[in-house]
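> Put chain Y on the given structure of chain E with help from the hints.
Number of protein chains: 2
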Amino acid sequence: MWIMSRISWLFARLYNDLEPRQEWLELARHGIEFIRKYGFDDDGRMFFAVTRDGRPLRKRRYLFTETFGIIALAEYARASGDRDCLSLAKKTMDLVLDLYGKPGALEPKVFPDTLKTRGHSMAMILINTLQVLRSAGPGSAYTDRIDRAIEEVFRYFVKPEKKALLETVGENGEYLGHLPEGRCVIPGHAIETAWFIMEEGRHRNELKLVERALPILDWSLEFGWDEEYGGILYYLDVEERQPVQLEWDMKLWWPHNEAIYATLLAFTLTGEKRYEKWFEKILAWSLEHFPDKEYGEWIGYLHRDGTVALDLKGYYFKGPFHLPRQQLFCHLLLKEMLSNG
Amino acid sequence: MWIMSRISWLFARLYNDLEPRQEWLELARHGIEFIRKYGFDDDGRMFFAVTRDGRPLRKRRYLFTETFGIIALAEYARASGDRDCLSLAKKTMDLVLDLYGKPGALEPKVFPDTLKTRGHSMAMILINTLQVLRSAGPGSAYTDRIDRAIEEVFRYFVKPEKKALLETVGENGEYLGHLPEGRCVIPGHAIETAWFIMEEGRHRNELKLVERALPILDWSLEFGWDEEYGGILYYLDVEERQPVQLEWDMKLWWPHNEAIYATLLAFTLTGEKRYEKWFEKILAWSLEHFPDKEYGEWIGYLHRDGTVALDLKGYYFKGPFHLPRQQLFCHLLLKEMLSNG
Chain E
1 MWIMSRISWL FARLYNDLEP RQEWLELARH GIEFIRKYGF DDDGRMFFAV TRDGRPLRKR
61 RYLFTETFGI IALAEYARAS GDRDCLSLAK KTMDLVLDLY GKPGALEPKV FPDTLKTRGH
121 SMAMILINTL QVLRSAGPGS AYTDRIDRAI EEVFRYFVKP EKKALLETVG ENGEYLGHLP
181 EGRCVIPGHA IETAWFIMEE GRHRNELKLV ERALPILDWS LEFGWDEEYG GILYYLDVEE
241 RQPVQLEWDM KLWWPHNEAI YATLLAFTLT GEKRYEKWFE KILAWSLEHF PDKEYGEWIG
301 YLHRDGTVAL DLKGYYFKGP FHLPRQQLFC HLLLKEMLSN G
Chain Y
1 MWIMSRISWL FARLYNDLEP RQEWLELARH GIEFIRKYGF DDDGRMFFAV TRDGRPLRKR
61 RYLFTETFGI IALAEYARAS GDRDCLSLAK KTMDLVLDLY GKPGALEPKV FPDTLKTRGH
121 SMAMILINTL QVLRSAGPGS AYTDRIDRAI EEVFRYFVKP EKKALLETVG ENGEYLGHLP
181 EGRCVIPGHA IETAWFIMEE GRHRNELKLV ERALPILDWS LEFGWDEEYG GILYYLDVEE
241 RQPVQLEWDM KLWWPHNEAI YATLLAFTLT GEKRYEKWFE KILAWSLEHF PDKEYGEWIG
301 YLHRDGTVAL DLKGYYFKGP FHLPRQQLFC HLLLKEMLSN G
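Protein chains in written order, with our numbering: chain E, 1 to 341; chain Y, 1 to 341.
There may be inaccurate statements among the hints.
Note that the list lumps identical chains together, so a pair holds whenever it fits in one copy or between two copies.
[Claimed, not checked] Under the rule of at most 16 Å between Cα atoms (straight-line distance), these lysine to aspartate or glutamate pairs were calculated in the EDC-like manner: (1) Lys59 with Asp113; (2) Lys59 with Glu107; (3) Lys281 with Glu171; (4) Lys293 with Glu239; (5) Lys116 with Asp218; (6) Lys281 with Glu107.
For the record, the hints were derived by calculation from the structure and aren't laboratory data.
The following block holds chain E by itself, in its conformation from the complex:
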């Protein structure tokens, strides 16, 4: 359902922002129909995976599937004018916000009586989900909620004294340095958050908000870039201890897509030369290592040294999303730069 939703979002967005091709709208509709028919459980939550014919296989304790469902429904509603689709998107958004705000609504991984933790991912994905939903019509209704999600990122996860955005902190943003989870940095994730916030600054024409996000981008690029082999490392430990994830030093496609767009956006909004340099450096390394020259699209998973580790193109967690989103968004940004001379 991650990928089904993300593909549907993509085709609807291409239709909306690139060219109103009927085939794209039709592909989006095809996905949306399946999602509406088989993607939802009776409680309004979504399944993570269903069989080919729509029978539920897995539902996870996280709300990510729902957020991807929302952007698909909202973008398709914007493309098609389908009001039911928009109201399902809004209803699902309300449920996500409700469950996210309610302690204990979703079974926590760690006993909260012993340790209350906060994860960065949800605040991050909420910013983007709310932005897409807002663009589909409810006007400024979601702007306050976007503000809150951005404030959450800065209040709890951004640690200037460590030059890092942490993935997991205590309830009040406490540094959990005694746990590997508490020292965990995912540069690609932090970079994605940075450009979600920059986009909000651009949308509101508030350079100050853009500037607030720039240090996250700077730290993550400097810390995440692999000086030895090039490319962006997947997981890091903020104290430079050994990360515990077996795949920590692999080079995944998506952090590179996020970094390519984030640096181009930062350059466009600030004119700072360093972002142009980063953009060119990351793009060059990526184009050298990720594209599948025979069948197109990008290989997803490389070893640290840039050799192919897994040649998967599609899987529960990989589909046509990060790469085409980056391509579309870069294309639109570059077109705008050209037209502005």
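Okay, now just chain Y, sitting in the frame of chain E:
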């Protein structure tokens, strides 16, 4: 709690089978005391992780922690004669068998109405857990249950036509080839199962049972050995498609420990030269790549090419277990071979 239990088991076993050193018994007792005090939830299940001072952090939906707790308690009971310890081990064993046998007792990952699956791990670990518990005193009480676990392995997971032991199958052993999970082979796991069954054959003096396990060992070594760089690969796809685990081609310490002991045991019990050759080959590759020359013990996680990926010695899933168990068991086996001339 995995590691706490496994360390406690190890010191008790060293005391029981190598040398009755008081310090080893004391170290085992130290761990057992913590486990009894803080390891158990009110429902008789165990926590996966607790804080340093014993407050519960995580409890998982799997029963592996409990099985490691049982071997620790049982081995310590054998060393110390502590009857309470033995009865806690038996009580926990009963609970594990009860929950394992009851459909829906533990929240399944996949909706059972859509797809009922069986995992190899539990049948496998039950064999070993019951063997250790049996050796602590209940005599032959657990032999029937060991038979059932072994039969489960052969009935559901062993697929001679595919020359593989599969990790996940349908309820009745159906091949789930349309899912990556259904094609998944973990050579190190299969090798461990093979020697658990061989040990049972040795215990009963039934060469036939040993011989039944040998194909599992043969297939796993042939399929799992990396002809390009040496060493045993972590995950494979039985149809030789791309495994979906990001760490599939890494070389982990434990499959090598299990293979070293399994091949020595197979050689001892059958006299087949090929097992001696495998033993020497795996041991040589392992000793060249895994030992930490400065601080001792083995590095846990290597890249496919044998370079260090993570230099972790201890973590939730790694501690002094597979290596010292292999060393102890090989030592005892070689001593026996020598004394038999």
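> For each hint, tell me whether it holds in the structure or not.
Hints and how they fare:
1. Lys59 with Asp113: between (25 Å within a copy, 13 Å between copies)
2. Lys59 with Glu107: Classified as both: same-chain Cα gap 12 Å, cross-chain 11 Å, threshold 16 Å.
3. Lys281 with Glu171: So lysine 281 and glutamate 171 fail the 16 Å test inside a copy (38 Å) and across (51 Å) alike.
4. Lys293 with Glu239: neither (38 Å within a copy, 25 Å between copies)
5. Lys116 with Asp218: neither (29 Å within a copy, 48 Å between copies)
6. Lys281 with Glu107: Neither way: lysine 281 and glutamate 107 sit 42 Å apart in one copy and 47 Å across, limit 16 Å.
Hints 3, 4, 5, 6, counting from the list given before, are not met by this structure.
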